[in-house]
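Chemist: Since chain A is already given, all that's left is putting chains B and C on it; use the hints.
If you read the sequences in order, they're chains A, B and C.
FYI, in our numbering the residues of the first sequence are 10 to 220.
FYI, in our numbering the residues of the second sequence are 4 to 77.
FYI, in our numbering the residues of the third sequence are 18 to 233.
Hints may contain errors.
[To be verified] Going by beta-carbon spacing under 10 Å, a handful of chain B positions derived as facing chain C:
id : residue
1  : W8
2  : Y10
3  : A14
4  : Y15
5  : L17
6  : W26
7  : L29
8  : E33
9  : K37
10 : L39
11 : H40
[Unchecked claim] Quick list of simulated restraints, FRET-style, between CB atoms:
id : chain 1 : residue 1 : chain 2 : residue 2 : range
12 : B       : R43       : A       : G94       : 47 to 55 Å
13 : C       : A232      : B       : A49       : 15 to 23 Å
14 : A       : A156      : C       : T210      : 30 to 38 Å
15 : A       : D121      : C       : M145      : 45 to 53 Å
16 : C       : V73       : B       : V19       : 48 to 56 Å
17 : B       : E33       : C       : T200      : 55 to 63 Å
18 : C       : I40       : B       : E35       : 37 to 45 Å
19 : A       : E158      : C       : L199      : 47 to 55 Å
[Stated by the list, open to error] Away from chain B, derived, C-beta distances all over 12 Å, residues of chain C:
id : residue
20 : M54
21 : P114
22 : P168
Just so you know, these hints were derived from the structure itself, not from any lab.
Where is the CB? At the ideal position from N, CA and C, for every residue including glycine.
Residue-level listing of the chains:
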Amino acid sequence: MLVERRSKETLNALLFFALALLFVFQFALGPDRERLAAVLPGLLWLGFILSGVLGLGRVFLVERENDCWEALLLAPGDKSAIYLGKLAGSFVLMLVVEAIVLALFVLFFNVDLGPALPGLTLVILLGTLGFAAVGTLFAAMTAQVRARELLFPVLLLPVLVPVLLGTVKATEALLLREPLADVAHWLKLLVAADVVYLAVGLLTFDFILEG
Amino acid sequence: MSDHWAYVVAAYALAVVVLGAYWRRLVRKERELKALHTARADHNTARTDHTMRSRQPSIPAHPRSDPGKRSPLQ
Amino acid sequence: MTRVLGWLAALALAIGLVMAFAIAPREVTQGNVQRIMYLHVPTAWVAYLAFGVVLVASIAYLARRAAVADRVAHASAEVGVVFTGITIAAGSIWGKPTWGTWWTWDARLTSVAILFVMYLGYLLLRGMIDDHERAARYCAVLGIVAALDVPLVHFSVYWWRTLHQPPSVLKPGAATMPPAILTALLVNLVAFTLLYVYLVAKRVGLLQQETEALAS
Chain A
10 MLVERRSKET LNALLFFALA LLFVFQFALG PDRERLAAVL PGLLWLGFIL
60 SGVLGLGRVF LVERENDCWE ALLLAPGDKS AIYLGKLAGS FVLMLVVEAI
110 VLALFVLFFN VDLGPALPGL TLVILLGTLG FAAVGTLFAA MTAQVRAREL
160 LFPVLLLPVL VPVLLGTVKA TEALLLREPL ADVAHWLKLL VAADVVYLAV
210 GLLTFDFILE G
Chain B
4 MSDHWAYVVA AYALAVVVLG AYWRRLVRKE RELKALHTAR ADHNTARTDH
54 TMRSRQPSIP AHPRSDPGKR SPLQ
Chain C
18 MTRVLGWLAA LALAIGLVMA FAIAPREVTQ GNVQRIMYLH VPTAWVAYLA
68 FGVVLVASIA YLARRAAVAD RVAHASAEVG VVFTGITIAA GSIWGKPTWG
118 TWWTWDARLT SVAILFVMYL GYLLLRGMID DHERAARYCA VLGIVAALDV
168 PLVHFSVYWW RTLHQPPSVL KPGAATMPPA ILTALLVNLV AFTLLYVYLV
218 AKRVGLLQQE TEALAS
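Looking at chain A on its own, in the form it has when it is part of the complex (with noise of 0.2 Å):
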């Protein structure tokens, strides 16, 4: 039920972050359109994963605010589940806000998606799924450190360049209504990184919760 109520509350500050953030990319960049049009892959990653460091570094602030700290430490079976667990949760919630924001963005910005939207899709869905892998790894991590809310995104945001970089060209590509098949490379990178940090994650996640 706490659970339930803390993600909608996470929900909705995230989709007032999000509208905050369309104002202020419409108000830094003017109302010069091609210029918008040119970085516009970009700002829509940019506002993904703004919004995905704030969203993520509240995945543990349950248990870390009732102190049900220990209580994680101490659940028998496999750790490698609540990793699953806080990692679909995470994935979701992104999930939902990145739909929300990519319409947003089509209203104000006048994106016509039309036949990239399958592919964008993907790319939205890999993207997301490697961010949420890295993040829910990274937020355990920094959940009991001191600066938390710094080191996070210190923390994540080099590592996750792969994926920046991936998304964003990929994006841009399928906006410019390339094919699918000339963004194959980005596609398989992204693959690629998903499987890493899917793998790490699971396979170290049992040392953070140690103790």
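Modeler: Using the frame of chain A, we list chains B and C on its own:
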């Protein structure tokens, strides 16, 4: 095309300064720790001399477990 | 033992310096500014070596919980960051006269810069966790993630810079190197590697002394 020796010197000088500073920091820390260690050793010997004369038996120093064998879950 | 290493490294570096400045010839296209390569390439190599060691030591620590593995990881990350910083700075200084700019989002420089930030984060994490054992564990995990990320970063940045874009500038250090230049480069590579080993050995010893001092 001019050789830009200034840049070459700058790059190497930077490397020397940074590596040198790091090395000096290591050496300085080593010296501090050694001084601390000898000071403690002297203090311990002085204390043992003193307590040997007292009636109460001296409490031996807490045995330090070997870091290699220390298990985190103990 | 560490002392011997230190003198060996110093000797090798001296030889390397002589080779870089006295024996290696003046490069045809760039002129003498190319001699920065004898510094920049070895430090870059050592940086990657250092972080490879962090990976191995981190895995070893999680597998065996040997304190020495943790110390090696910590020391290697620290020395690695130092060498990475020098790599970036030397690369930037080399870039100014040859490319006309202090910084460019060239694939190699960008990759190394990301590497730098990742391992700075590693050291930050160390500093922010008070419990020594937990710091060792968490940093081991981070060390593994960061190291495995390096090839991904490499490819993504390289593709970002080269595909659908005309190659920007001639990469410093031509593909086919005359033997004199290659030899000088190799000598310096060995010299800097020895320096790395010496510094890591010294740092590991210090870390051990620090732990012992805290325990008493």
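Chemist: What hints, given by number in increasing order, does this structure fail?
Modeler: The structure breaks hints 16, 17, 20, 21; every other hint is satisfied.
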